[in-house]
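Peer 1: Protein chains in written order, with the numbering used here: chain A, 1125 to 1474; chain B, -3 to 386.
These are computed hints drawn from the structure, not numbers from a lab.
The reader is advised that the hints may include incorrect statements.
[Claimed, not checked] Simulated coverage check for chain B against chain A, where a stretch passes if three residues somewhere in it have a Cβ under 8 angstroms from a Cβ of chain A:
#1 148 to 159
#2 184 to 198
#3 227 to 241
[What the hints assert, rightly or not] Listed next, the stretches of chain B that the computed footprint assigns to chain A, with coverage defined by at least 3 CB atoms under 8 angstroms from CB atoms of chain A:
#4 109 to 119
#5 259 to 272
#6 279 to 291
#7 313 to 325
C-beta atoms are modelled at their ideal positions from N, C-alpha and C, and glycine is treated no differently.
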Amino acid sequence: MKRRHFLGLLGAAGVTLTTGTKAKASDAADVAGLPNAFGVLFDASRCIGCRKCEAACNTVNELPKPDKPFDDLTVLDTERRTTATAYTVVDKYTPKAGENPVFRKIQCNHCMEPACASACFVKALKKTETGAVVYDASLCVGCRYCMVACPFNIPAYEYNKALTPRVMKCTMCYPRIKEGKLPGCVEACPKEALQFGRRRDLLNIAWDRITANTDKYVSHVYGEHEMGGTSWLYIAPKPSFAALGMDEHLGTTPAPELTAGALTAVPAVVGIWPVLLTGLYAVSKRKDRIAEEEKKAAVEAAIAKASAEAEAKLAEELTKAEVAGKRRIEVEVKKALEAAAKTSEGGEDA
Amino acid sequence: MSTENTKNSLFTPFNIIAGVILAAGIVVTIMRFTMGLGAVTNLSDNNPWGLWIGFDLLCGVALAAGGYTTSAACYIFGFKRFHAAVRPAILTAFLGYALVVFALGYDVGRPWRLPYPIFYSQGTTSVLFEVGLCVFIYLTVLFIEYLPAALEWLGGFDKYRTVLIKVTMGLTILGVILSTLHQSSLGALYLIVPSKLHPLWYTPYLPVMFFMSSMFAGLSMVVFEGTLSHRYFHDKMDDDYNANYMDLQFAFAKGAAWIMSGYLAMKLIGLAMDNRWHYLFTGFGAWWLFEVVGFVVLPCYCYAVGYRDRNIGLVRIAAPWTVIGIILNRFDVSLVAFNWKLPSALRYFPSVSEIIISLFVVTVGVLAFRFIVTRMPIFYAHPAYKDSSH
């Protein structure tokens, strides 16, 4: 594969990631963009812990029968959570010893901007225009990041399926809503603790009920703003939602916004690093080249100096040698002359 | 290597232990793919990620960071003396990432769908998508960077080898980009769970901290693995490698000490920004201090003194110490401080089978490393390409 091809791929990744952060977890997850989203209002002060909703959910979703039947209320004594075979469970809480217990129904809250959908890297989970957050098992890789991400600990996993495990959770009875029917649990509730409707209408009902009974209710609709808002809304009797085992410190930031910053850094990294690194490379290369040139120049200078010195020395030696030579010649000549003179003198004598 | 030699060395203690781990790993592998994750792991609906994500993925990727740190130091920053260290580091990184993907095959429910996020249905709002895409491309990059060694070993591919050598610079820069992105996004994975991760570990700087710690993790791994290789593969090393080996260890010690100081500063700024000092006086606070003082401050000091005094012994102690610190940090984020509000009875602890698979993966890596370095030109330049600068 060519380098250009790679960079192209990478650039494309950067672009998709930027546009991806602008879009919400689903195409229509914007609260304002979902004016007709449905929801369910759960009033904990009305719930009697009869588990009829659990039974209905089990039937409607064709889930396996539980070990203990749904009319066995002793299961309420232990705290439970949703599982792969129970999309909803009812838990019992006793805020103060000796007082009447309060019940809470637990199921997927169908967040307006779901953490699970924004965390899913294959779009197996998505928020639909009805308000329901639904799951497509045909896309799921089984990474379980949705379960990590969910602030309400809702999605469950089929850990005992070797090759085809699914993530399991409440669908708000999406298929039934599409047919114009009520979710199974809502239909089965004998005490109207559950109410199905448009989310905006439910919010009004919830606040009307709270204002009409300020002594009784906590002055808060849980799910109105939690994690950017949920389709499932809760109101509860005093003292608090924490007494019902609910996390009161989730904040109002929608989950996708928590990671948006990190994702928008992607194009910055893709843009800045090559420039910066190539620059650094150029600098280090230039440094090397300059060092090399300086070294070369220094060597040349040294050589030049050395050769000049050598030449000078040679010349000097030569001169010296010349002088010495001359002198020797002179001496020899002198000697020869003297010898010649002596011979001639001798000759004269002879 | 002569046949006699192979026969004699087959039943070394190392080989026996490796054999036992491999056998146990194969048993667990069969169980995993016939009975499901539930049969071999302690994972639950409350703890969907366990040891295989905390160790095999988070630590695996961090400890394979030696590839990008070493090649960047050599090719981009111009530390040419460290050229001999590039090939071992690239090989370790390539094997590391390959094993991360291999280990993911156990953890995800339907491993054959792992290409889905890249080729079939892109969930671009997910940090995990970024991780997946980067790891996929980077694994390819590392393979290409490793390829020249394999081609030299096979012989007769000079034309291809020359092309690969020419793109080294581009691949190195690409490697740094990809590493920056996915090292940091492993930390960013946890940005989505402010309610589940303990405030001492949850900070908006998680991505930066994961990136910074990956740098000194990579440097420490190169030093540590260099020390081990020196001991066990010394006969494979050529003069060039040996001549620069000490210099490299000291230079990396210096680098690690600086980056660790910066990392420490980030940790403290994180606490100060959200005013989370009071958490230090809780049980989790003590553990946080244990991690930060015991496995960042002290090894950092050790590196700094080791560099200053040219004390190779101290540097060799600091390296594995830092590596353990990185593992501890990744465990803290993914396992210890995660789900901290959950009652202790519901908390996660890995099963024996999970530990076996993690050991299995490491063993496969070590065996692959040994197989390659005893055959291919990793610690020495191939005689035919001795003059080449790659």
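Peer 1: Evaluate each hint against the coordinates.
Peer 2: Hints, one by one, checked against the model:
For the stretch 148 to 159 of chain B, the proposed coverage by chain A is not satisfied: 0 residues have a C-beta within less than 8 angstroms of a C-beta in that chain, short of the threshold of three. Look at the stretch 184 to 198 of chain B against chain A: 8 of its residues bring a Cβ nearer than 8 angstroms to a Cβ of that chain, three or more, so the hint holds. Counting residues of the stretch 227 to 241 of chain B whose CB lies closer than 8 angstroms to any CB of chain A gives 0, which falls below the minimum of 3, so the coverage claim is violated. With 8 residues carrying a beta carbon less than 8 angstroms from a beta carbon of chain A, the stretch 109 to 119 of chain B meets the three-residue requirement, and the given coverage holds.
Interface restraint, the stretch 259 to 272 of chain B with chain A: violated (0 residues with C-beta to C-beta distance below 8 angstroms; minimum three). Counting residues of the stretch 279 to 291 of chain B whose beta-carbon sits less than 8 angstroms from any beta-carbon of chain A gives 0, not enough to reach three: the coverage restraint is violated. With 0 residues carrying a beta carbon less than 8 angstroms from a beta carbon of chain A, the stretch 313 to 325 of chain B misses the three-residue requirement, and the given coverage is violated.
In summary, the numbered hints that this structure violates are 1, 3, 5, 6 and 7.
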